[in-house]
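**Q** Letter by letter, the chains look like this.
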Amino acid sequence: MKTFLFLSLFISGSAFSQTNVIAAKSHASTQVVDNNDLDNFGEPGPMRFIAEVKYLKDDCIVEKYNVEWSDHDTEYDTICDHPFLQAGTIDIDRIKAMYPEETIFKRFDKIDLNTKKSRKELREERKEKRSKGSSGILFIIIGSGLFLIYLFTPKMNPSRY
Amino acid sequence: MKTILTSGIGIWIVLFALFLPFTYSFFPHFGYELTNSLSSISEWVAKDALEINIYSSPTTSDSAAQFVQAFLLLIIAFLLVVIARKQRRFSEIEIGRFLHTSAAYILSFFLLKYGVDKLFQFQFYAPEPNTLFTPLGMLSKDILFWSSMGTSSSYNTFMGLSEIIPAFLLLHHRTRLLGGLIALGVLVNVLMINFSFDITVKLLSMYLVTVSIYVISPFLKNLYSFFISHSESSAKPEKRIQLKPKVRTVVKSIVVILLFTEILFSYVQVRSFNGREMEKIAHFGSYEVTQADADVLGYQNVHRIHIHSKGYLILEDKEGSFVDFPIRIAPDQSIIVRKENARFFVSKNGSKAVFKIQKDGKSVDILTRKIDLDALPARDDSFHWTVDGLIDAQK
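Top line first, the protein sequences correspond to chains Y and V.
First residue of the first sequence? That's 1 in our numbering, and the numbers climb one at a time after it.
First residue of the second sequence? That's 162 in our numbering, and the numbers climb one at a time after it.
The reader is advised that the hints may include incorrect statements.
[Unchecked claim] Here are the simulated DMTMM-like pairs of lysine to aspartate or glutamate, each with C-alpha atoms no more than 20 Å apart in a straight line:
1) V/Lys-441 to V/Asp-542
2) V/Lys-208 to V/Asp-223
3) Y/Lys-96 to V/Asp-542
4) V/Lys-517 to V/Glu-438
5) V/Lys-500 to Y/Asp-109
6) V/Lys-520 to Y/Asp-81
7) V/Lys-500 to Y/Asp-34
8) V/Lys-523 to V/Glu-423
9) Y/Lys-57 to Y/Glu-101
10) Y/Lys-106 to Y/Glu-63
11) Y/Lys-110 to Y/Glu-75
12) V/Lys-247 to Y/Glu-63
13) V/Lys-531 to V/Glu-449
14) V/Lys-523 to Y/Asp-81
15) V/Lys-531 to V/Glu-423
16) V/Lys-531 to V/Asp-454
17) V/Lys-513 to V/Glu-423
18) Y/Lys-57 to V/Asp-223
19) V/Lys-302 to Y/Asp-34
20) V/Lys-513 to V/Glu-480
21) V/Lys-500 to Y/Asp-81
22) V/Lys-509 to V/Asp-535
23) V/Lys-517 to Y/Asp-81
It should be emphasised that the hints constitute simulated quantities derived from the structure, not laboratory data.
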């Protein structure tokens with residue numbers, strides 16, 4: 001049941017993807033290419049994994065997903081009106097049982113406290129994650145290195161060329 | 162001239178692989194970064210110079226801008242060859258060996274990636290609930306091909322192995338020619354499927370066929386001697402990069418480990434090596450409405466409600482028209498249709514299911530019956546040696 005709950009929650013995004021044209025047709029989209037579908041050259045597309053669940057405030061939690069995708073490598077989903085966070089039915093163990101064992105749970109020990117800074121913290125986390133995900137810098141470094149090698153490689157003797 | 166052509170194509174093969182906006186699991190998404198860096202030029206050429214209507218970005222498979230990008234990379238590749246020849250800084254023989262080995266590894270990577278996805282039943286999935294209830298004549302040939310492939314796990318396994326075997330052969334220089342020949346056969350078939358069924362992976366499949374030919378090309382004389390003239394085989398060209406044995410072992414090991422990490426990473430993450438056995442989204446399946454004149458989200462005469470594995474709620478009316486809505490599943494297993502600001506609570510009792518739809522403060526119950534999709538002929542993946550066995554199974 002635990003696995004079922006986990007999968008039903010987290011696979012919804014994109015366990016299977018193909019060309020975005022076929023993906024759109026597979027769910028009877030009215031558009032030839034649906035912007036919700038990600039194209040991956042006929043390959044299974046990006047998958048979403050739950051990484052962290054954070055208690056926000058009142059009856060709200062924030063789920064943090066890692067996604068295999070360049071622009072959206074981290075996704076957040078805020079869920080309010082949570083059935084296990086209603087007055088009289090607060091059951092943290094049942095919430096935790098819905099997620100895989102590796103999931104990190106944050107702030108659940110502060111369930112009765114006000115957490116006014118949480119949105120700000122989330123924004124900062126997103127910002128930090130985006131800067132980490134940039135592979136452009138890596139390419140500039142590699143590109144510069146290759147250019148320097150090229151520049152300093154001595155010209156060959158024409159007879160050996 | 163021959164050297165310029167060979168080197169130009171070799172550099173283009175490497176550039177194309179680097180600029181391909183492929184969704185990697187482990188590698189960084191350098192293809193996206195590089196494609197985006199060229200997107201303004203490729204879109205300008207497609208739109209203004211070639212006057213093509215642009216509807217999709219160059220990161221989309223077979224977009225007009227992606228074809229233009231491939232052509233631009235070809236020009237860049239030949240420019241690089243001309244500059245390098247003028248500069249005379251590198252040995253053409255060594256560059257040729259490096260490009261040939263790189264092409265073999267690129268080809269091996271794509272064959273492994275697609276082959277493993279087929280072997281693990283992830284690429285061609287079982288037809289979705291709404292597809293199963295769409296009349297054959299209403300399906301276009303691309304989704305029809307994709308769905309047909311998804312009905313047979315054994316054929317997927319076969320196709321997967323036929324891509325994995327040449328991929329392994331390409332990794333070793335002694336078996337590279339054999340691997341290249343098998344890969345060419347497999348990939349020409351894939352190319353023809355993509356062209357004949359109008360599947361939008363034409364550019365990539367053309368590229369992979371070109372890479373196969375490039376890998377085989379140095380051995381054409383040997384092949385001619387063996388198959389046609391039956392003369393003594395010509396000397397086999399040495400296309401191996403000249404490295405010290407220890408260095409070679411280390412470099413090769415690192416490259417192979419990286420390739421396999423990329424290929425297997427996503428399966429390890431989802432802890433599944435069989436796409437067909439992965440559990441689906443909550444309420445996945447088809448539900449037949451058992452009440453008259455069912456009105457769902459403003460759509461009348463709804464005949465069936467389908468829950469698609471990728472997170473869509475699809476309504477099918479009595480005339481066979483479909484309409485889709487992206488959905489999310491809430492922690493209490495209810496279905497959230499954000500676009501319509503509606504929520505579906507599903508309660509089940511045996512095959513009966515009630516969809517309680519809450520929208521704009523109102524609540525409506527829709528009575529349905531869950532359809533056993535596995536009982537449908539298109540979901541039957543069985544095998545029969547004889548006609549008698551087939552008739553027996555149908556009884």
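**Q** Would you mind marking each hint as holding or not holding in the structure?
**A** We went through each hint and held it up to the structure:
1. V/Lys-441 to V/Asp-542: holds (19 Å)
2. V/Lys-208 to V/Asp-223: holds (15 Å)
3. Y/Lys-96 to V/Asp-542: Answer violated: Y/Lys-96 to V/Asp-542 is near 38 Å, above 20 Å.
4. V/Lys-517 to V/Glu-438: violated (30 Å)
5. V/Lys-500 to Y/Asp-109: violated (34 Å)
6. V/Lys-520 to Y/Asp-81: holds (16 Å)
7. V/Lys-500 to Y/Asp-34: The hint holds at about 15 Å.
8. V/Lys-523 to V/Glu-423: Violated: V/Lys-523 and V/Glu-423 sit about 49 Å apart, past 20 Å.
9. Y/Lys-57 to Y/Glu-101: Given that 20 Å is the threshold and the Cα spacing comes to 23 Å, the pair is violated.
10. Y/Lys-106 to Y/Glu-63: Status holds; Cα separation ~10 Å.
11. Y/Lys-110 to Y/Glu-75: The hint is violated at about 23 Å.
12. V/Lys-247 to Y/Glu-63: violated (57 Å)
13. V/Lys-531 to V/Glu-449: Judged against 20 Å, a Cα distance of about 6 Å means the pair holds.
14. V/Lys-523 to Y/Asp-81: Holds - the C-alpha atoms of Y/Asp-81 and V/Lys-523 are around 18 Å apart, at most 20 Å.
15. V/Lys-531 to V/Glu-423: violated (39 Å)
16. V/Lys-531 to V/Asp-454: Answer holds: V/Lys-531 to V/Asp-454 is near 18 Å, not above 20 Å.
17. V/Lys-513 to V/Glu-423: violated (44 Å)
18. Y/Lys-57 to V/Asp-223: Not OK: Y/Lys-57 and V/Asp-223 at ~46 Å, beyond 20 Å, violated.
19. V/Lys-302 to Y/Asp-34: holds (18 Å)
20. V/Lys-513 to V/Glu-480: With a Cα-Cα distance of about 23 Å, the restraint between V/Lys-513 and V/Glu-480 is violated, given a limit of 20 Å.
21. V/Lys-500 to Y/Asp-81: Holds, because 19 Å separates the two Cα atoms, which is no more than 20 Å.
22. V/Lys-509 to V/Asp-535: holds (18 Å)
23. V/Lys-517 to Y/Asp-81: Holds, at roughly 18 Å.
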